[in-house]
Amino acid sequence: MKAFLKSKEMSVAVIILLLCIILAFISPVFLTADNLLDVVKGNAVLGILAIGMTLVIITGGIDVSVAAVTSAVCVVLGKTMMFLPDSPLTIVLIFVIAPLFGVLLGSINGILVAKIQIPAIVVTLGMMSIINGLVLYITNGQYLNSSNFPTVFLKFSNFSVFGISIIIWLFIITAALTWYILKYTLIGREVMAIGGNKESAVRVGINYSKVQIFVFSYMGFLAGIAAIAQTSYTKAVDPNGMLGLELMVIAAVVLGGANIMGGRGTIFGTILGVLLLGIIQNGLILAKIDTFWQKVFTGAIILIAVSYDHIQYKRSQKQLSKIEVEA
Amino acid sequence: MSEYLLQMLNISKTFPGVKALDDVKLEVKKGEVHALIGENGAGKSTLIKILAGVYQPDPGAQFFFEGKEAKIRRPIDATMRGISIIYQDLSLFPNLSVAENIYIGRDSDKHSWKKVDWALMEKTAKKALKELDFEIDVSTPVEKLSIAQQQMVEIARALAFDAKLIVMDEPTSSLSAGEVEKLYEVIFSLKKRGISIIFVSHKLKELFTVSDRFTVLRDGKYVGTYHANELTEEKLITLMVGRKILYEKNKEKAASGKTLLEVRNLAKEGNFKDISFELREGEVLGITGLVGSGRTELAQAIFGINRPYKGDIIINGQKTVIKSSEEAVKKGIAYIPESRKTQGLILRQSIINNISLPVLKKLKNKFLLINRRKEIELAEHYIQSLDVRPPLPYRAAGDLSGGNQQKVVIGKWLSTNPKILIIDEPTNGIDIGAKSEIHKLLRGLAANGMGIIVISSELPEVLAVSDRIIVMRHGRIAGELGIHEATQESIMNLALLGQKGKIREEAQL
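So the sequences go chain by chain: Z and E.
Just so you know, we're using the numbering used here here: the first sequence kicks off at 1 and counts up by one.
Just so you know, we're using the numbering used here here: the second sequence kicks off at 1001 and counts up by one.
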């Protein structure tokens, strides 16, 4: 418990709490269940992607193609749904097609990173550009409207359990599943181990490239889930709608206490990071502050958080690498 | 079954250009503590890495473990057979708990989706720790532990893998005296249980405390294996050093010019203490000692990149505080670091660009652009005067041989017109012919009035270039030797034992 109080997650939680108190004073609307649920719903896609990105970042990698991959899956969903019947089977099919397509794209990233050993940022930048270009080619940059979607999908979109939207449930289930994988499966522990000390991991017989392919494929899998959430949320497919989202995703993970160099990161922290970004955005809207300030705020918070983190790290490093001087 | 747990015979290892091990053998009995000893670069680490499966030996090597021929192709093969290596820098996962660190690597790679049994993991870890009599909460992340505690975790990991042989590479290098005692106890209890230990260390006292037998390596060759009771510290040193006649000892008499640099009571917490010496014009001062004795840290402090320190640095009679490498260069100090490839050169760029780098500001023309003609002239000047081969200024530095690369680095720093040149391991990874060329070059620079500090672990090299030799040990100056009184034995004696002992030059083998 004491360790938890000192953890990075705790400091993010405190910031969120303070922010909530301030916002409650600024706007009476803020602290209502409806508004808070809206914040979560509006950031569910960001959240699902950030969960996947957490794994990538723990291994010391990065994936800047997430938004592009998600867009691509959205377009595929939008296109196929025009041909799908208005039956519950459609929903099942969607949950097969979207993750599969996501995994396909993600595994290409993973294989290039692991087998040809190209730095992840280069691979995923290339992938991002290719996908963005293809998406525009296929859609001509135009919206795919909900008028073409089967009604069963629209029903699914508005579905809620215990008063909580299905979109939020997707986020919750994703988080729970990923937490379980990270904590209780061998591959999850290997993800943590590689981030902690790559050389030692190889010394104890962990297959480094397998783990890399796994994290990028899993990222693709979650991009597929995120695409379903996104299409449900907007009830349309906007080929340009997610440009630049990858930066927010990475920001959320880093804010949540993950180390961009790898080795550290938790699902809980990432959820807090997502909530923090969502609340800042919501608060600025409620406080009627121009939305471009949101970017300034977000950026400033990230820089402060990461600087603080790095200063702590440098301090701890100073303790190491000493020569024993005889008294 | 033979009396040996481990037999490594005919072990050779060739790296491009270097024969690191030449027909070495290592035989370890069951339940013994076996010391592996040799100077820096004698081949201890290479041998350990072959045992660990990190390197593959050259063909012809024979490897027996528990009386059977064993093939170790990957690190995991060694672990599975019961060979655990505890590296000096440890192989732990700082972000994972003690229990996970002890347990990791047991599950086969094929069971990615297997559920991790945290209860079993903790049980295994607790059991291993209990065998060591070491109490710690197994859920603590390893990064929160002291080095000594981390080492215990590594030993516990070895026990959890049913290790029959544990290799400890410089295990006491970052332990306090009390922690070392505790480690001895652990070693003795492991021994009682029939576990064999290979102990690699430079500290002779502790080797004699724990070891039953010694295997000595020198220059990648097998010298011999001895029982502890046939050896004394002095004899061991003689065995390690041998009698190498690689280069002639320096016989020139140094010009006793005025004092360029004086260091008074320099100290830096955790690096070095009580350092005082001076450097004169036209003199080469050798600084030696074991790796980790604080030599490089001292050099970097003088160059202004290892701060803050206590004490005074006096240059040309003036007390000076140097805050950055830029300032040091302005004061006429040049520092050539040990790692030529990562710190000294930009390998992909031309010789010209490398040499002109520190003086680019001086090569500006009136439009603030770099005067390319002057730059080329500068490079050609040093290519000629230092005899860089091939003498092609546009060649990428990375295409040159090690010796010529080092000449380019030296040229690069000479372009700043230093009065004081500090050079760290000047001939690291350079073949012998080129080494003596570099030595001559350094002597020549000194003859022209420069003051040079050569930091080196290679004793023949120190003897070949220096006028005076300072030996460091544990961050302090263990002693200073004039070139006429210095021998490899007297230096080693200071570096290892710290007192000016008398050692017979002739070894009684």
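If you're looking for bench data, these hints aren't it; they were derived computationally from the structure.
Here a beta-carbon is modelled for each residue, glycine too, at the ideal position from N, C-alpha and C.
Check the hints yourself; a few may be wrong.
Unchecked claim - With the Cβ distance kept under 10 angstroms, some of the chain E side facing chain Z (calculated, not the full set):
{"no.": "1", "residue": "Lys1068"}
{"no.": "2", "residue": "Ala1070"}
{"no.": "3", "residue": "Lys1071"}
{"no.": "4", "residue": "Met1080"}
{"no.": "5", "residue": "Leu1090"}
{"no.": "6", "residue": "Gly1105"}
{"no.": "7", "residue": "Arg1157"}
* Asked: Which of the numbered hints are not met once you compare them with the structure shown?
  -> 1, 2 and 3
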